[in-house]
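Colleague: Below, each chain spelled out in residue letters.
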Amino acid sequence: LMNIFERKAEAKAPYVRLVEVTEDTTDPAEWGKNWPKQYDSYKRTALSTRTRFGGHGGSEALPEEKIERDPWLKRMFLGYAFSIDYRDRRGHAYMLSDQESTERLSKPQSGSCMHCHAAIMPVYRALGDGDALVGMNKTHKMSYQELNKMVHDMGHGHSVSCVDCHDPDSMALRVTRPAFIVGIQKLAESDAPVPAIPSIDIWRQGSRKTPYDPNVDATRGEMRSFACGQCHVEYYCSSGMPLTFPWANGLTMDGAEKEWNETEIKGERFYDYKHKESGAEILKAQHPEFELWSQGIHARSGVACADCHMPYMRDGASKVSDHWVRSPLLNVNRACQVCHHIPEAEILARVDSIQQKNFDLLQRGGAALMDLLDAVQTAKDAGATPEQLKPALELQRKAQWRLDYIAAENSMGFHAPQEAARILGEAADYARQGQVEALKLLK
Amino acid sequence: LMNIFERKAEAKAPYVRLVEVTEDTTDPAEWGKNWPKQYDSYKRTALSTRTRFGGHGGSEALPEEKIERDPWLKRMFLGYAFSIDYRDRRGHAYMLSDQESTERLSKPQSGSCMHCHAAIMPVYRALGDGDALVGMNKTHKMSYQELNKMVHDMGHGHSVSCVDCHDPDSMALRVTRPAFIVGIQKLAESDAPVPAIPSIDIWRQGSRKTPYDPNVDATRGEMRSFACGQCHVEYYCSSGMPLTFPWANGLTMDGAEKEWNETEIKGERFYDYKHKESGAEILKAQHPEFELWSQGIHARSGVACADCHMPYMRDGASKVSDHWVRSPLLNVNRACQVCHHIPEAEILARVDSIQQKNFDLLQRGGAALMDLLDAVQTAKDAGATPEQLKPALELQRKAQWRLDYIAAENSMGFHAPQEAARILGEAADYARQGQVEALKLLK
Amino acid sequence: MALDKKLIALAVLLGILVGTGAFTFRYAEGLSYFSTDPKACANCHIMTPQYDSWQKSSHHTVAGCVDCHLPHTFIAKYIAKAENGYHHSKGFTLQDFHEPIMIKGKNQKILQHNCVSCHEDMVHGLFRGDITNPDAVSCVHCHASVGHGALPTSIGGADRGENREGNSHE
Ligand SMILES: [Ca+2]
Ligand SMILES: [Ca+2]
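Chain order of the listed sequences is A, B and C. For the first sequence, the residue numbers in my numbering are 319 to 761. For the second sequence, the residue numbers in my numbering are 319 to 761. For the third sequence, the residue numbers in my numbering are 4 to 173.
So that you can see chain A by itself, here it is in the shape it has in the complex (with noise of 0.2 Å):
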């Protein structure tokens, strides 16, 4: 029974190759000679493309006017690279040439950010003769001049490109990234619940004698959400550490929290930057897209980043996954519609009160936070010392935390709509407790 279907689909033989591919093969246009479809599709990266709040924005920040509008972002981020410059968000095609142009680099930055901006396996394994991991851990002491300078040599100054995430020989998909593997290993070892990646409960059941691989463990629905998690997940990357994904407690914004609290850089409790008005250890966050996907019901229901980023498009007789990577709702029909049967309209109606919700709590939460931050400042204006003004503090490293965890992340919420509300929730009630504690010093 099972092979028939076997021996007619190998007969059929999927793709007729032109040209060999190997895990050196970095350059998308070579694949293209392959599979042109998905290339074609691919290339569509390059264009712009725009929704209300997606699209385009500052990696971690709001659309770019509304930074103008709300200037409390700005304010959040001073003392960090982020409040120098914000792009435009753009597709996958310009993740190179958008980083390399960004103004953020007059800081000087570490190597580790190439991780998910350029096609580098070949340049980590080159760096760690031959096991990407070690070669990894040696680039976060590398600048990222040095190291990019390196990857443009080497030959593989790409965008993301297939052989990141296919097999080069079976096409299967795949990650490649070392910080992924290392941080879903984290996850796996821990007790943390995950409902939206069952092949961990499953792997945690048996005898965990060689650590859960995603490449041979994990479903394929799940590889079409591990793909994006390579790149679209909080991290930490600096000089002072190799990247570094905070999973070891979880996937949520607390897990996260917790474990970037526990971590030490040279002796001290771990901080992005120290706020350059109040002083306090701030948090940043980038883009958890995975992480807040995870906590929501399309996750757990096994709808992956794929089915609405990537769905199938009609090409012809056959159907192909569409690797212009963009905003679902620019296409609505095939990315929502196959499994909700309503009119576009409607879905589109769904998606706004969502986003309008979490957008409204982020706002309420951004004033909060500049309220704080203010009655730090009266507090120190009269007088208050650092010690004193250290519960404050450490409310705002909370609040921020929170803000910055939705704003950061690219949805507007969408991704866990009731996680995100309570998230940000919680950050308007830090904020204002921040803002007590402050006024408290004044009596």
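Among these hints, one or two may not hold up.
Stated by the list, open to error - Listed next, the in silico SDA-like pairs over lysine to any residue satisfying Cα-Cα at most 25 Å (straight line):
(1) Lys-576/A with Ala-685/B
(2) Lys-456/B with Pro-440/B
(3) Lys-637/A with Val-143/C
Calculated from the structure, these hints are not laboratory results. Quick caveat: nothing in here was measured; it's all calculated off a predicted structure.
Given chain A, work out where chains B and C with the ligands should sit, using these hints.
Modeller: Chains B and C with the ligands only, in chain A's frame:
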């Protein structure tokens, strides 16, 4: 939601009428002679049930044990009858006797209370010379005891009965309660969005010559929620004005707040009670299930109260609506799995995750409110004048309204998870703002 | 698959007999189980909702119950029938099955194979050569509605009144 599964079965097994039932037949036992299956399940509402958050608890509050553990609830209600007694919420069979025995009646209550606790329609008609609305409008000035006696004397001392939801001739679903009809007409006449009630949109597009009539204009699917919306709603019920459902600005929390803020009673801005400690003019929220449901994804998708709380049960070859109205979590296979083809354990885990998040936010908001009350007390002790306290007390009103809205709602936010989290986030923010205002008076 | 025909016939009979006993078998029109006519499935009233929804589905004109739910090869088909026949009859007799009925395990695999066997031309690119991989991309993950119309979880939004039924009960 009638279209999913054909209701052929009904056609196959038409009922035989053994006794005649009329508009005045309020005794369910009489109807039970014709429709024994429904009556049998109806009677089971006398059985006691319990889930983590459901099936128990005071009507506007949290489970009883919780109140002991969370004294903030009691403190929040100081000055109101609700701080006197909470009884276990129970099934429909008890609605009249539970009301009659609550110690809240030690304070004088209005006849309006009877609207939702007895088969009162014949009494309204008698009082209004055939017009139930006219009749109802006479009852708020009557005392509870007076009207209650009248109901019993006329032989209608029953809990919600068949005739309240069914037309005795056709058995069609219908609404009878005047306060609901007035409320839904106000809603229709406003221009508030009603994503969950499309028939209002359709009516709005018409000539509007005759008022929106739920019994004529609503779809059958909508009627399956309207029947419950007669009682499971926020209200104002006292001798000051007729029983009112605050829907003139839409079914949202914010819309109701606006209406109460604009309402005047005896020349004063409306409030339910003055907080005993702070003196704030407080709005009390009561079981806004219908309203919160209307803001959720289920409502937008056309999923009605009866779909989850009165699911069809197979009875041999035919299907009957389970009139044992209770928590759907006691009945997951029929209440949820007809639509969600996933294991029961996963369904319960999803509900638990949603309820837990809202529960935590509720506690957070409660803590913030207690801090506000403390700060107000300190300010008072330090000699703050009522005039000075006003901003803090206004914020208390806003915060409590939001907290209570979700505390009084009986699904621990399940009916609209993100909306519930949003409301609670705002509650904490306002409570802390109030604390700040009070603290400022100490400077 | 080296079973000979006698063995298969035995398996079929055994499955049915063990599950039902002759009375139920006749009562439930068990013989119709060997037919490919969708009406045959609906002889069990418990299958009526699926029959009705199938009639409204996109595949109504191109695929019947067995095209989707039973293996397409002769041998495997009758083994599956025997096995399912056992479950169905037992379920129908004892009325001890989980309601609502939800497809599971082996039957899901059969279904998947049947989608692919009809649509191979369109989807072979998604399979990297091996369409029998148990971990293949699941068709019903996205196309759950093909056999029985839109699922209740995507029931077309709130009823806009188009199919308004009369006020009176049937
Ligand atoms: Ca970070
Ligand atoms: Ca009220």
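Colleague: Would you mind marking each hint as holding or not holding in the structure?
Modeller: So, going through the hints one by one against the coordinates:
1. Lys-576/A with Ala-685/B: holds (23 Å)
2. Lys-456/B with Pro-440/B: With Cα atoms ~14 Å apart, Lys-456/B and Pro-440/B stay inside 25 Å; holds.
3. Lys-637/A with Val-143/C: With a Cα-Cα distance of about 16 Å, the restraint between Lys-637/A and Val-143/C holds, given a limit of 25 Å.
This entry satisfies every hint, going by the numbered hints stated previously.
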